[in-house]
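Based on the sequences and whatever the hints tell you, model everything.
If you read the sequences in order, they're chains X and R.
Letter 258 of the first sequence, counting from 1, is numbered 258 in full-length UniProt numbering, and no numbers are missing.
Letter 609 of the second sequence, counting from 1, is numbered 609 in full-length UniProt numbering, and no numbers are missing.
Worth flagging that the hints you see were computed from the coordinates, not collected in a lab.
A hint or two may mislead.
[Unchecked claim] Computed cross-link-like contacts, BS3-like style, restricted to lysine-lysine with a CA-CA straight-line distance of at most 27 Å:
hint	chain 1	residue 1	chain 2	residue 2
1	R	Lys348	R	Lys400
2	R	Lys645	X	Lys54
3	R	Lys130	X	Lys54
4	X	Lys108	X	Lys54
5	R	Lys755	R	Lys855
6	R	Lys379	R	Lys348
7	X	Lys343	R	Lys488
8	R	Lys632	R	Lys606
9	X	Lys195	R	Lys632
10	R	Lys755	R	Lys804
11	R	Lys130	X	Lys108
12	R	Lys424	R	Lys384
13	R	Lys275	R	Lys104
14	X	Lys343	R	Lys542
15	R	Lys130	R	Lys104
16	R	Lys384	R	Lys400
17	R	Lys102	R	Lys130
18	R	Lys130	R	Lys103
19	R	Lys488	X	Lys335
20	R	Lys606	R	Lys542
21	R	Lys855	R	Lys804
22	R	Lys542	X	Lys335
23	R	Lys106	R	Lys130
24	R	Lys424	R	Lys400
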Amino acid sequence: MLQTNLLAPGHADLVTHVTYDFYGERLATCSADQRIKVFHKSPEGTWDQESEWKAHDAPVLHLSFAHPVHGSLLASSSHDRSIRIWEEPSGRERDGRWTERAVLTGAKGSVRQVEFGPADSGSEPRVAAISTDSYLRVYSSADPSLSDWSLLQPIHIPSIPAPGSSVDDASSAEIPIPTSSTELATGGWGLSWCKERWWGSVIAAFAGTSPIVKIISLPLDTSSSPSSLFYLTPGQSSSNAPLTSVSWAPNCGRAYHLIATGSRDGTVRIWRIEPPGEKLRVGYGDEDGEVRQAWRGQCVADFGKGGARIGMVDWNATGTTLTTTDDEGVVRIYKPTYARSWKLLGQMTAEEPPNEEETNGH
Amino acid sequence: MAPAPTGFSFSSAPAAAGSPFTFSSTKQPTQSSSGPSTFSFGSSNTDSPRAEAGRSAIAQASHSNGDSVQADGLAPSHGDQVNDEDVEVCYLQPAAYSREEKKKWKASGRTIGAAVSPVGGEVASWVMKKASGNQNEAPTLATSEMDLSDRTIFFSSLNSLPDPIIQLYTESHLLFTSLQQIVAESYSRRLPSLSNERMVGAWDKRGNLIGGAGLLGPPDAETVMHMRRLADLYLDQLGELRAGVDVELELKAQFTTSYNILNLAEVLYLPVDGKGEGLVGEELLDWVNDVDPAPDNSQGNEIMSTKNPWDHPSFWPYISRCILRGFHLPAASFLRSLSSHAYAPISKLAALLAQHLSIFPRSSDQRWRVDLEFLQAHKVWLAKFRAELANFTGGRPRGKWFEDPELASWESDFRTVVELMEGKPSRVLEEVADWREALGAWGVLVDVDMRRDHLPEVMSIIVDKIPVDSTLPEDVIQSALCSADIIKALMGSYDLDIWLAAHLGDLLDKLELIPDDEQRFEIPLRDYFLLEYTEVLQNNPKHAAFWRVVCDYLNSAGQEGRNRLGSHIMHIAINLERGSKGKSKESMIAADDGMDVEGAVLREGKEIEEAVRLLDDVRAACGEYRLDEEFKTISQILAGRLIRKGEYGMAASMSMMAGDGWALSRIAENILEAYIIDGDAELLRLVDTLPPTLLAEAPTALAELQQIVPDPYASTDIPSSSALSIFASRLTFLSEFRDYLLFLAQGARDRAAAKLVGLLTSGIAPVGFWAVLLVESVTLLEDSEILFTSNETFELMRILEEVKSNASFAPADYLSQLIQYLDRSQAAKSQQQQQQQQVKSTTSKVTTTTEDAWKKIDEVRLALARNLARALVIGFDNPF
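Okay, structure coming up:
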């Protein structure tokens, strides 16, 4: 581990989120100052500001770049309960700020996270967001100018029927209980797309104080309803603390997927889940040769319980290293060993290095 | 103790063909997947990966490891804090707080956030506010002041590669790829039926593709010899780097360690003859002398320069060391110094030993035509030596060689030399400094017939007496290689140097020396190491320079590598657009203080040139690795970006590469749009940027497509061909419309008129553009010459009626382009008027309404009617 660079983004308040584009060449930052800034990596490796603008009427919470196949799009979410879609200016517009293509409303609370769906050339871009009202909302745009976004059926995460259960109980789905103040204080809301389109549009999401991540399959159109595929339910001996973050690893064609979660009590879990198989892709353990119909999975790592709240978990582009942050101010990077256990590779902190401290002390 | 790896046999075993040390072409029985696992990492308990994974491995499938459940917030530290301490910590600068102030910093409501870059292993982190008690509200800090660290985004990288490492990684890449090719070619040579495919493959019973290599057994002698040559080149590179002047000491040590290990692996597993059936003693001894040179020359000089060298305390040990290290002539000359010793029997015995030592047969000697000749010679020498020694001692018993009892210690010194020369195992093991020296001496003194197959047995004898120091990773790896414990050697290398593990693993895997263990692990060890190596190449600040190298390694790293290859190549940034480096042209010029505008433009041109070259390379790579889908997507993305920037020429080339007809027709539509908004000059400029072939070939392509009679039985190809015809017709229209504008500009009004009719009647004009073309015709219709025949006029009238009737239902589709067109022409007109009248009035914005458009359509109708009348009259008056 080594620090390579630094950047003063020049926001008037603390930065709330930073995200890279698909190529790692661009960086978008947002802040409590309601503004978004976009930086570009110069050939010399420095980050040059490209553009900045006021984006929301409240602190901006989260950003997400779309896959480039869908164009140069950025989504932002905010305490102002909206999601906004921004498009990079073409050469003609002189003032460099990104063009607002849509304001997506409907959330009854702060929109905690927003994320564009994976690449799907030939199909419209999709963006998912989750807010403190515990609804997962997915919008898509069939309009080439991207100004018209339609909301697929909003999904109330706590009341989505369990995997395999019959048609949802309409009454519970339609009258959502407003989020309580305890939940607002101790809960968490997050989502992460499955990065492959092979199994359709699939999202992992959690809401409120529940420690369960729900894997949800989205319908192709607004007429059908979403269904849950699998629940990531922590084991008996594991922590039941509310979750703070979830990240679905890019699977790079592997037969299984990895999903990482972070919890309020410092627990980091890594789940290994397997999609329903084609016959040939089923693991060697399946002697019967039957094609498995359902998703299945298990927790392959569970550590850190009793530590500081995990801020976020995130995978690299090959799904081979996991980065976590916690409220102790430590960034940690983990990777699997050949024997499939997880190893701490390195950590970062903004604390003063100890030797300096010593020389200061004496 | 780890279970001994199977896969090699001792010399006595008849199944020598299965030995890793001999390379017979017989198929080596691979372990069945149901067999017991022979895989071990050398840990005491294979069921406990925790123990194996070492200091910082944290978790395995099972949950909590005995941590008591603690209430939220009460636990002062992480359950894994102990582990954390062993792990490298990167302290970000400028620091946010000192150790004492940490509590205060946390209490102020701050925490840290991080984002992971999809490339380069970069992590961005920043100071942020902790979530508040009500997550619908923005959290606040205890104090509103922002520190320097609050205003900073910190960037860090997983790996940083010093220049010598970069040099090694870059240069060894070509050797690695040649190695893959050579071995692949050898397979196809041996299995001609499969030689069509570059990578030989075969299908297993489950229908999974497995390497054809496994079916064929280890490579033949010729291939092994080729492999040895490449291993030599790896060694040359390491050797060069460790000798480099400006290489840091730590790196030098690392290169030396890798050199020694790789060199040993070459001696053992990549024999010169490719078969490995010959004697190995001398080669091993050379290796030992290279790794750990002894004895010290200067010490020898020092001893010899004393008056009576034998009085020097190191005299005898020095001779022993010389004999053990195979320096028999120096040892003999040391012994000869005793000729001046006063006591005759001593000088006599010394002369005897010196004489025999100097003729000690060595297998490396060129005069032996076959091994047997040498072995015979050694046998004869030993017999003669023993006979003459017996002659000297005259049957005197041990301890009585010299009559003077005071010379007993002389006797024991002489006896050591004698026993070393005779190759007495216990004496050799007593005299050597470590296991390596013992191994070196073994094949020269003890077992002169030592072959590669004997090594595991020899090693077990040696380490039984002189254990390998397990705290020295280098020694552990080397001894494991000698004991044919390949897994142990590779795992050790992995901890030491990932380059070594990847390249050594690849060599040993090609020799089929790595036992399978698909039960416990998903991917073969070789592939795993190669993937780990590519991760290092990918996750460092200079990753962009390695993109092609990474491709080759991923392509060679099994299915998982192939899977990652697609994602890797998609993430390569190609900046084809102008001004894409984060600065608009204006700011670039401003930054240059206006003094180097040309320089900025030149630099940009250079950057684009580089981007085009990169694109060519990426295209070539996609071709080589059969990543057609990926390249299509890459082209599609690039075309989309270029279209947005209005760079239609390059966008069109990209769309052609992607075979993306829709993008091409979008480009054509955008250019027409530009005509409607900005006028003919803009259209002509944009059309000129398109690849000439594109426009030239479009009409032919369209004609061909139109000639294809739809086959009622063929249903599959229709969507793609109709997409094609759309883009072909759009481009054809564009090129014809350009011709029309050019004719008009040149004053060839008759030809322009004919073109216009052609455009409208051939059906290639987009419907939205019909009204515009009709309005364009007005000036031609009103020309003093009659440019349209009555038939042509009828045609135009028919189209006009169609526009009118359709526009009443869908005015947006049929009239919107006309309205924009009228807007532009009126704006231009009023601007002209203003310029003529020199009036500085505020430009009243001209807006055309649908009514205006209808009015214009009526004008067209009138012009058509007038022209029809004229054309008919001319027709009647026509003398013919």
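Verification of the hints:
A threshold of 27 Å between alpha carbons decides the hint, and for Lys348 (chain R) with Lys400 (chain R) the separation of about 16 Å falls inside it, so the pair holds. Proposed proximity of Lys645 (chain R) and Lys54 (chain X) is supported: the alpha carbons are some 24 Å apart, at most 27 Å. For the hint pairing Lys130 (chain R) with Lys54 (chain X), the CA-to-CA distance comes to about 23 Å; that is within 27 Å, so the pair holds. Our distance criterion of 27 Å between C-alpha atoms is met by Lys108 (chain X) and Lys54 (chain X), whose separation comes to about 22 Å.
About 25 Å separates the Cα atoms of Lys755 (chain R) and Lys855 (chain R), which keeps this hinted pair within 27 Å; it holds. With a CA separation close to 24 Å, the supplied pair Lys379 (chain R) and Lys348 (chain R) stays within the 27 Å bound. Between the alpha carbons of Lys343 (chain X) and Lys488 (chain R) the distance comes to roughly 20 Å, so the proposed pair stays at or under 27 Å and holds. Between the alpha carbons of Lys632 (chain R) and Lys606 (chain R) the distance comes to roughly 25 Å, so the proposed pair stays at or under 27 Å and holds.
Restraint check for Lys195 (chain X) and Lys632 (chain R): the C-alpha separation of about 19 Å stays at or below 27 Å, so the hint holds. The hinted pair formed by Lys755 (chain R) and Lys804 (chain R) meets the criterion: a straight-line CA distance of about 22 Å does not exceed 27 Å. Of the supplied pair hints, the one linking Lys130 (chain R) and Lys108 (chain X) holds, its CA atoms being roughly 22 Å apart against a limit of 27 Å. Distance hint between Lys424 (chain R) and Lys384 (chain R) is fulfilled; the C-alpha atoms sit about 17 Å from each other, no more than 27 Å.
Between the alpha carbons of Lys275 (chain R) and Lys104 (chain R) the distance comes to roughly 70 Å, so the proposed pair goes past 27 Å and is violated. Our distance criterion of 27 Å between C-alpha atoms is met by Lys343 (chain X) and Lys542 (chain R), whose separation comes to about 25 Å. Note on Lys130 (chain R) and Lys104 (chain R): the hinted pairing holds, with a Cα-Cα distance of about 14 Å set against a maximum of 27 Å. Between Lys384 (chain R) and Lys400 (chain R) the CA atoms are separated by roughly 22 Å; this keeps the pair inside 27 Å, and the hint holds.
Under the criterion of a C-alpha separation no larger than 27 Å, the hint pairing Lys102 (chain R) with Lys130 (chain R) is consistent with the structure, at around 15 Å. Of the pairs offered as hints, the one joining Lys130 (chain R) and Lys103 (chain R) holds, with about 14 Å between alpha carbons and a cut-off of 27 Å not exceeded. Of the supplied pair hints, the one linking Lys488 (chain R) and Lys335 (chain X) holds, its CA atoms being roughly 21 Å apart against a limit of 27 Å. For the given pair, Lys606 (chain R) sits about 21 Å from Lys542 (chain R) by alpha-carbon distance, which is consistent with the 27 Å threshold.
Annotation: proposed proximity of Lys855 (chain R) to Lys804 (chain R) holds, straight-line Cα distance about 11 Å (limit 27 Å). Among the hinted pairs, Lys542 (chain R) with Lys335 (chain X) is consistent with the structure: their alpha-carbon atoms are about 21 Å apart, no more than 27 Å. Restraint check for Lys106 (chain R) and Lys130 (chain R): satisfied, since their Cα atoms lie roughly 9 Å apart, inside the 27 Å limit. Between Lys424 (chain R) and Lys400 (chain R) the CA atoms are separated by roughly 21 Å; this keeps the pair inside 27 Å, and the hint holds.
Against the hints set out earlier in the document, a violation occurs for number 13 only.
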